[in-house]
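*Asks:* Below are the chains, spelled out letter by letter.
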Amino acid sequence: MSLFGSTSGFGTGGTSMFGSTTADNHNPMKDIEVTSPPDDSISCLAFSPPTLPGNFLIAGSWANDVRCWEVQDNGQTIPKAQQMHTGPVLDGCWSDDGSKVFTASCDKTAKMWDLNSNQAIQIAQHDAPVKTIHWIKAPNYSCVMTGSWDKTLKFWDTRSPTPMMTLQLPERCYCADVVHPMAAVATAERGLIVYQLENQPSEFRRIESPLKHQHRCVAIFKDKVNKPTGFALGSIEGRVAIHYINPPNPAKDNFTFKCHRSNGTNTSVPQDIYAVNGIAFHPVHGTLATVGSDGRFSFWDKDARTKLKTSEQLDQPISACCFNHNGNIFAYASSYDWSKGHEFYNPQKKNYIFLRNAAEELKPRNKKYCLPRFCCN
Amino acid sequence: MGRKKKKQLKPWCWYCNRDFDDEKILIQHQKAKHFKCHICHKKLYTGPGLAIHCMQVHKETIDAVPNAIPGRTDIELEIYGMEGIPEKDMEERRRLLEQKTQESQKKKQQDDSDEYEDDESAASTSFQPQQVQPQQGYIPPMAQPGLPPVPGAPGMPPGIPPLMAGVPPMMPGMPPVMPGMPPGMMPMGGMMPPGPGIPPLMPGMPPGMPPPVGPRPGMPPMTQAQPVTAPGILNRPPAPAASAPTPQPPVTKPLFPSAGQAAAAVPGPVGTDFKPLNSTPATTTEPPKPTFPAYTQSTASTTSTTNSTAAKPATSITSKPATLTTTSATSKLIHPDEDISLEERRAQLPKYQRNLPRPGQASLGNPPVGPIGGMMPPQPGIPPQQQGMRPPMPPHGQYGAHHQGMPGYLPGAMPPYGQGPPMVPPYQSGPPRPPMGMRPPVMSQGGRY
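From first to last, the protein sequence lines stand for chains A and B.
For what it's worth, full-length UniProt numbering labels the leading residue of the first sequence as 1, then goes sequentially.
For what it's worth, full-length UniProt numbering labels the leading residue of the second sequence as 1, then goes sequentially.
Everything labelled a hint here was simulated from the structure, so no lab data went into it.
Check the hints yourself; a few may be wrong.
Claimed, not checked - Pairs of lysine-lysine residues, derived as DSS-like cross-links and limited to a Cα-Cα distance of at most 30 Å, are as follows:
no., chain 1, residue 1, chain 2, residue 2
1, A, LYS340, B, LYS332
2, A, LYS30, A, LYS302
3, B, LYS332, A, LYS309
4, A, LYS222, A, LYS363
5, B, LYS351, A, LYS80
6, B, LYS59, B, LYS36
7, A, LYS302, B, LYS36
8, A, LYS222, A, LYS302
9, A, LYS151, A, LYS340
10, B, LYS88, B, LYS100
11, B, LYS59, A, LYS340
12, A, LYS151, B, LYS100
13, A, LYS309, B, LYS59
14, B, LYS332, A, LYS350
15, B, LYS59, A, LYS363
16, A, LYS363, A, LYS309
17, A, LYS302, B, LYS88
18, B, LYS332, A, LYS302
19, B, LYS100, B, LYS59
20, A, LYS349, B, LYS351
21, A, LYS224, A, LYS137
22, A, LYS309, A, LYS227
23, B, LYS100, A, LYS30
24, B, LYS351, A, LYS350
25, B, LYS351, A, LYS309
26, A, LYS227, A, LYS302
27, A, LYS349, B, LYS332
28, A, LYS227, A, LYS30
29, A, LYS30, A, LYS340
30, A, LYS252, A, LYS100
31, A, LYS340, B, LYS351
32, A, LYS349, A, LYS363
Just chain A, with the same shape it has in the complex (with noise of 0.2 Å):
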């Protein structure tokens, strides 16, 4: 039965292919590891989409390279390629066909990479690091969209030197996500902008943000017929907030929850609040994951506004994560993320990318009267 079947009980597999299933707390939740991970910290992890067969895993580090990984049904990972550019790589994400690959860079270009010539060559070019970077399939075009800390949203044709449209942010660009025909970029300064994707990029709305802190990860989520209908947006203070854009009574539809910290409800010693990471909505569910410094990730139910899951600890924090096509794989990365500054940096120590099935335990809550509340997670 495949590891990553939708029934299959996989689970907590201790089929890891190291056999890694020890006590310590690299891999608490038992799941599986992917063999050569970077050899630095990973800023981002990718799925193919599903106009590939199989399943194959980016995943872009501080120490400049981008891999790819085969991802069997197994389980079993297979390097496969990869490639580099001179600085830390900060994004990355695969074209509509599978066939490219897209990587942002530190070295303040981006780069699109054909797998079936492993070949890869520049796109893009900012003035400063690449922080973040879509691709766009709209009916009447498609392009690249690059967010950099030069304030600066471009669009690039791949054959084109020179960016097909550039958009002024009003701050460094911290994450983005896009989700067609809808893209949100939130920014320093608690900066948050959506954009509309039809016909040609443009701003639709500033958006007050929902938060008091640093942004640090964005995801759209859709409806309930496959439209993007909102977002969920993450800062650093442990805390997601719930942002629908045109809901029907946005102070009833719209909220936050905290995540991420530690100490739960006891009050008497001071509560740890950790960054939140990353955030990905499951694509068929609807429901997300968080992940974040404290080195743990969690599984919401944002419409029955519950928590599904919540994972043991991991010695490193959780730096990125990511589903695949179809929902079956959670992919989360532990790696350092600088949370405590340079001094709690480990070069020694080792980077790991989890795969884990997701099929079960993302299942939305059941919002009747729910028997569920005697199952524990």
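Given the coordinates of chain A, assemble chain B onto it according to the supplied hints.
*Replies:* Showing chain B alone in chain A's frame:
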């Protein structure tokens, strides 16, 4: 609420056998003594609710109700106030009381009890005590100012229907006592069909709802808070019926956001709009997971590392200045102090600014792609990020590095451009634009863009 099965007698606590004047007080007692989490002191509403809370929030199991007398410690029994007490225990209690205080009970109330038909239970004692029981007290409230007529009557679904008819008359009397309640009450009176009727009531009861949950502490100020409890009681019965939950969801949703508005304390909501705040999203038990504690707790709780209490994030958005305050008395933000992103901070390190290919790895394709004609309008400069490391760039001999270690898609296919023979070594370094006037010519070889 009284009429229905009042289980006669003064309200008493099943867990510890203590007597109380009023069911509301009884409930307060139960919450504080028997349904209070020993870890976080959160007050739940029922034994099972407490068990679930401990399991989910603290990952601890409890098997006995705190402060309960032996034999009465069952954590699975869902008892709230006087509801849910097993019949045989009720009878035992009645017998006990009859022996001891029959007379005093008789003296207690007087009547109006006609309407109170009690359900089967024994006669004499039942009457009087009933009236007393004002829990839902339609009548008693009148008699006793202390008990605001709790519209809670609806709460007594079982066996009450006949009473309902009697209720309406009471209503008029209520308003004065129940601020804010009256309007809501009326409809309820009409609907009392037991059980199924309850849920629909909820919406009508807004004022009543929220209070049970959080406001407890705030009750006193609110005019006896009693009205509040009533609705709470009302909620309970439906829960077991499981019919109630259905209507709940619509109610619960708004719960969180409004909680923010409701702001801590209390209950203003009681009288005003329906803000089922905190917890109890769905009648009975606490939400399985305190996911959004900000709302449930309203008070206290943490956060507010920097300005403002994070308690109401949803609604109030106070803009924050750039600098971070990472610690406060109750919480500590695990983040460096400056308000720049973690990546920006890390990228400033010389180690990451070298723009050198990692040892052993060639920088691929950099050069060709680079500033291909036009793209690079003279980049002013390399901002701090790169400190001109370029000069030291060793010619990348190894373009072939691509596949190091990777079986790769293309075994060895390094298309020329990728690697850069055209690369004219000097340009290697990364984005280097600077010097070069020459670049363009070089680049164009690469052509591809």
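*Asks:* A separate judgement is required for each hint: does it hold in the structure or not?
*Replies:* Outcome of the hint check:
The hinted pair formed by A:LYS340 and B:LYS332 meets the criterion: a straight-line CA distance of about 12 Å does not exceed 30 Å. For a cut-off of 30 Å, the pair hint linking A:LYS30 to A:LYS302 stands: about 27 Å separates their Cα positions. For the proposed pair B:LYS332 and A:LYS309, the alpha carbon gap of about 24 Å is at most 30 Å, so the pair holds. Proposed proximity of A:LYS222 and A:LYS363 is supported: the alpha carbons are some 16 Å apart, at most 30 Å.
Restraint check for B:LYS351 and A:LYS80: satisfied, since their Cα atoms lie roughly 27 Å apart, inside the 30 Å limit. For the hint pairing B:LYS59 with B:LYS36, the CA-to-CA distance comes to about 16 Å; that is within 30 Å, so the pair holds. Distance check on the hinted pair: A:LYS302 and B:LYS36 sit about 28 Å apart at the alpha-carbon level, within 30 Å; holds. For a cut-off of 30 Å, the pair hint linking A:LYS222 to A:LYS302 stands: about 12 Å separates their Cα positions.
About 26 Å separates the Cα atoms of A:LYS151 and A:LYS340, which keeps this hinted pair within 30 Å; it holds. Between B:LYS88 and B:LYS100, the direct Cα distance comes to roughly 18 Å. Compliance with the 30 Å bound is thereby established for this hinted pair. Taken as a hint, the B:LYS59 and A:LYS340 pair is honoured in the structure, with Cα atoms around 28 Å apart against an allowance of 30 Å. Proposed proximity of A:LYS151 and B:LYS100 is contradicted: the alpha carbons are some 82 Å apart, above 30 Å.
The hinted pair formed by A:LYS309 and B:LYS59 meets the criterion: a straight-line CA distance of about 12 Å does not exceed 30 Å. Using a Cα cut-off of 30 Å, the hinted pair B:LYS332 and A:LYS350 holds, with the two alpha carbons roughly 27 Å apart. With a CA separation close to 21 Å, the supplied pair B:LYS59 and A:LYS363 stays within the 30 Å bound. With a CA separation close to 11 Å, the supplied pair A:LYS363 and A:LYS309 stays within the 30 Å bound.
This hinted pair does not check out: A:LYS302 and B:LYS88 have alpha carbons roughly 44 Å apart, beyond 30 Å. In summary, the hint linking B:LYS332 to A:LYS302 is supported, as the alpha carbons are separated by about 26 Å, within the 30 Å threshold. Under the criterion of a C-alpha separation no larger than 30 Å, the hint pairing B:LYS100 with B:LYS59 is inconsistent with the structure, at around 44 Å. Simply put, A:LYS349 and B:LYS351 have alpha-carbon atoms about 16 Å apart, close enough for the 30 Å limit, and the pair holds.
Proximity of A:LYS224 to A:LYS137 is assessed by CA-CA distance (about 21 Å); at most 30 Å being required, the pair is judged to hold. Distance check on the hinted pair: A:LYS309 and A:LYS227 sit about 26 Å apart at the alpha-carbon level, within 30 Å; holds. For a cut-off of 30 Å, the pair hint linking B:LYS100 to A:LYS30 is broken: about 63 Å separates their Cα positions. A distance of roughly 18 Å separates the Cα atoms of B:LYS351 and A:LYS350; the hinted pair therefore holds under the 30 Å criterion.
This hinted pair does not check out: B:LYS351 and A:LYS309 have alpha carbons roughly 38 Å apart, beyond 30 Å. A threshold of 30 Å between alpha carbons decides the hint, and for A:LYS227 with A:LYS302 the separation of about 16 Å falls inside it, so the pair holds. With a C-alpha separation of about 25 Å, the suggested pairing of A:LYS349 with B:LYS332 holds against the 30 Å cut-off. The hinted pair formed by A:LYS227 and A:LYS30 fails the criterion: a straight-line CA distance of about 35 Å is larger than 30 Å.
Restraint check for A:LYS30 and A:LYS340: satisfied, since their Cα atoms lie roughly 26 Å apart, inside the 30 Å limit. Using a Cα cut-off of 30 Å, the hinted pair A:LYS252 and A:LYS100 is violated, with the two alpha carbons roughly 41 Å apart. Between A:LYS340 and B:LYS351, the direct Cα distance comes to roughly 18 Å. Compliance with the 30 Å bound is thereby established for this hinted pair. At roughly 34 Å between alpha-carbon atoms, A:LYS349 and A:LYS363 are farther apart than 30 Å, so this suggested pair is violated.
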